[in-house]
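Top line first, the protein sequences correspond to chains Y and C.
Sequential numbering from 1 applies to the first sequence in our numbering.
Sequential numbering from 320 applies to the second sequence in our numbering.
No lab work stands behind these hints, which were simulated from the structure alone.
Hints are supplied without guarantee of correctness; some may be wrong.
Claimed, not checked - Computed footprint of chain C on chain Y, listed as stretches where at least three residues anywhere in the stretch have a Cβ under 8 Å from a Cβ of chain C:
| hint | segment |
| --- | --- |
| 1 | 177-184 |
| 2 | 188-201 |
Claimed, not checked - Calculated cross-link-like contacts (lysine to any residue; reagent style SDA-like; alpha-carbon spacing at most 20 Å):
| hint | chain 1 | residue 1 | chain 2 | residue 2 |
| --- | --- | --- | --- | --- |
| 3 | C | K398 | Y | F173 |
| 4 | C | K434 | C | E445 |
| 5 | Y | K183 | C | K398 |
| 6 | Y | K183 | C | K434 |
| 7 | Y | K183 | C | E445 |
| 8 | Y | K183 | C | I407 |
| 9 | Y | K299 | C | T455 |
Just so it is clear, CB atoms sit at the ideal spot from N, CA and C, and this is done for glycine as well.
Here is what each chain is made of, one letter per residue.
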Amino acid sequence: MRTLPAKILLYVVVCAAIAGIAFSDRPFWIQLAIGITITAILALAWDILSRTGQVSLGMAAFFGLGAYTTAILDPITNTYLAWLGVIVVCGLFAAVLGLVTLRLRQMYFAIATLGFTLSLQVVVLVFPDFTGGAGGVAPPLLAGGDPAMQLLAIGGLLIVAMLVSDVLLRRRFRPAFFMIRTKPELAASCGVPVVRTRILAFIISGVFAGLAGACYGGLYGYVTPSDVYTVNWSIMPLAVAVLGGMDTTFGPILGAIILRLLEEVARELIGGVGYQVVYGAVIILFVVALPRGVTGALKALFGLSVRTPLGTRPAATGS
Amino acid sequence: MADVSLSTDSVVVAFGGLLALDGVSIAFPQGRITGLIGPNGSGKSTLVNAMCGQIRPASGTVRLGDEDITRVRPDLVVKRGVARTYQIPRVPPELTVEEIISVPMNYGASGRQAKVAFRHPRAVAEFCGLGPLTATECRNLSVTEMRRLEIARALACGPSVLLLDEVMAGLSHEDSVSVMGLVRELHEAGITIIIIEHLMRVITTLCHTVFVLNNGRVLAEGEPKVVLAVEAVREAYLGKGFRP
Numbered sequence: 001m002r003t004l005p006a007k008i009l010l011y012v013v014v015c016a017a018i019a020g021i022a023f024s025d026r027p028f029w030i031q032l033a034i035g036i037t038i039t040a041i042l043a044l045a046w047d048i049l050s051r052t053g054q055v056s057l058g059m060a061a062f063f064g065l066g067a068y069t070t071a072i073l074d075p076i077t078n079t080y081l082a083w084l085g086v087i088v089v090c091g092l093f094a095a096v097l098g099l100v101t102l103r104l105r106q107m108y109f110a111i112a113t114l115g116f117t118l119s120l121q122v123v124v125l126v127f128p129d130f131t132g133g134a135g136g137v138a139p140p141l142l143a144g145g146d147p148a149m150q151l152l153a154i155g156g157l158l159i160v161a162m163l164v165s166d167v168l169l170r171r172r173f174r175p176a177f178f179m180i181r182t183k184p185e186l187a188a189s190c191g192v193p194v195v196r197t198r199i200l201a202f203i204i205s206g207v208f209a210g211l212a213g214a215c216y217g218g219l220y221g222y223v224t225p226s227d228v229y230t231v232n233w234s235i236m237p238l239a240v241a242v243l244g245g246m247d248t249t250f251g252p253i254l255g256a257i258i259l260r261l262l263e264e265v266a267r268e269l270i271g272g273v274g275y276q277v278v279y280g281a282v283i284i285l286f287v288v289a290l291p292r293g294v295t296g297a298l299k300a301l302f303g304l305s306v307r308t309p310l311g312t313r314p315a316a317t318g319s
Numbered sequence: 320m321a322d323v324s325l326s327t328d329s330v331v332v333a334f335g336g337l338l339a340l341d342g343v344s345i346a347f348p349q350g351r352i353t354g355l356i357g358p359n360g361s362g363k364s365t366l367v368n369a370m371c372g373q374i375r376p377a378s379g380t381v382r383l384g385d386e387d388i389t390r391v392r393p394d395l396v397v398k399r400g401v402a403r404t405y406q407i408p409r410v411p412p413e414l415t416v417e418e419i420i421s422v423p424m425n426y427g428a429s430g431r432q433a434k435v436a437f438r439h440p441r442a443v444a445e446f447c448g449l450g451p452l453t454a455t456e457c458r459n460l461s462v463t464e465m466r467r468l469e470i471a472r473a474l475a476c477g478p479s480v481l482l483l484d485e486v487m488a489g490l491s492h493e494d495s496v497s498v499m500g501l502v503r504e505l506h507e508a509g510i511t512i513i514i515i516e517h518l519m520r521v522i523t524t525l526c527h528t529v530f531v532l533n534n535g536r537v538l539a540e541g542e543p544k545v546v547l548a549v550e551a552v553r554e555a556y557l558g559k560g561f562r563p
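Isolated chain Y, as found in the complex:
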């Protein structure tokens, strides 16, 4: 998916799908598409951060922070400032947390991010006057509550997230990000400011997760802490990105479609609580069968080989 025509095709397909479903007048498909789109934005946000080697289990923290920021700022300012506030608050939150935690490596960072989610949930419960406590808050209704318009708005945000993701996969950033992930000392020895670059990725990731959360809150204009500060919103982006294919823009989107459809099919066929077990089992099967994600498997299938076969390598200089 590295060639330009393939990338443009991806944007065209995503735009067409979102517009097509939004104007289809089928409420079920519109709701499903909204769910897929929000999931895709979160997964892209997770993937952007993971390219610098940081596995976040704290997407829910930013997701919830976004929803709560619009809810708290909307009554005291206006809707535009409330949305702008999401970018500022989530960006600042990421920058501060980044300064504190991004020196932690791998698992330690993952555990620390899990901690953000839990502590933000507690903060909401401890200051009920300000945050509505367990009763929840009322973020501004997105697009006047019309689902078709909501899908278009969230779809627009997805396109922006895709563009940012693709910019970060371009020449200047991609090799530097991957080098930070593989060996930060080596990246520093190439002149890459490692901590600053990680914080940049964390801010971008946090802002998109926050905007996705504000969109989610705006669907019905009502959220409770148990809607947003759940481990589900933290684990799912990870599962989606790994399933779809990491380090790509296409992977998280494909993963979101597969996972959400799978969830619906399992719910339809099995129902009750049992569907979650089947749904979980299928995810495990996918990950075991396709360790490089669906994108990696597709690339291998169509000869856009991820791994150059040893025999086809050009001969080394015989010096």
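Go by the hints and put chain C onto chain Y.
Showing chain C alone in chain Y's frame:
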């Protein structure tokens, strides 16, 4: 004596109770090839790390010319023209040779101090004998090619000082001769070169001066042939009473 490029003054580095560097003072002359040798664990790599800002010494100073760079961040040391290679290069396996070289070209080179200026990663690859491999992913490179890539990556930083940490280890005789040719070319271009090496053949053929480290201290310094004949150096390396 030529002008001094990198120098250390009484640098002490401690890991827990162990003194890895115990007051090392070395001045590396500008425009020369200087060797840094010593038995395993003598502190060679620690010294390189300290000079590149990757380890903060407990005391002492590191200077580049007249500037104190002891507490300068590693990525900013690179921008001042000091580049290094790694003994065991761990590069992202999914990136191509060209992509690896592009990182220091985008981030490292300020261009001011560069002795050999390249306009494109492919030119660096060409210069280091990796011309046909620019589009090859690093996971498919041989040991020799990885070593050349490490030199190419460091060279793409646009250095005035280049620290080569065991770039010849594990290479065949033929390959090490060709890498030595490359080092000589870099020297002729005006880059100050510091070589850490176990292969004495490399030290004696390439280096103008050599420093011997042992237990975190400078044991001897001087011309390679002279230094290697010193009894204390032979002892540190080969054990007491060894006669080749």
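Comparing the hints with the structure gives:
For a cut-off of 8 Å, the count of residues in the segment 177-184 of chain Y with a CB near a CB of chain C stands at 5, and the three-residue condition holds. With 7 residues having a Cβ less than 8 Å from any Cβ of chain C, the segment 188-201 of chain Y passes the three-residue criterion, so the hint holds. Distance check on the hinted pair: K398(C) and F173(Y) sit about 18 Å apart at the alpha-carbon level, within 20 Å; holds. This hinted pair checks out: K434(C) and E445(C) have alpha carbons roughly 17 Å apart, not beyond 20 Å.
At most 20 Å may separate the alpha-carbon atoms for a hinted pair to count; K183(Y) and K398(C) meet this at roughly 19 Å. The suggested pairing of K183(Y) with K434(C) is violated, with an alpha-carbon distance near 27 Å, which exceeds 20 Å. Distance restraint check for K183(Y) and E445(C): the Cα-Cα separation of roughly 25 Å exceeds the 20 Å cut-off, and the hinted pair is therefore not satisfied. Simply put, K183(Y) and I407(C) have alpha-carbon atoms about 11 Å apart, close enough for the 20 Å limit, and the pair holds.
With a CA separation close to 17 Å, the supplied pair K299(Y) and T455(C) stays within the 20 Å bound.
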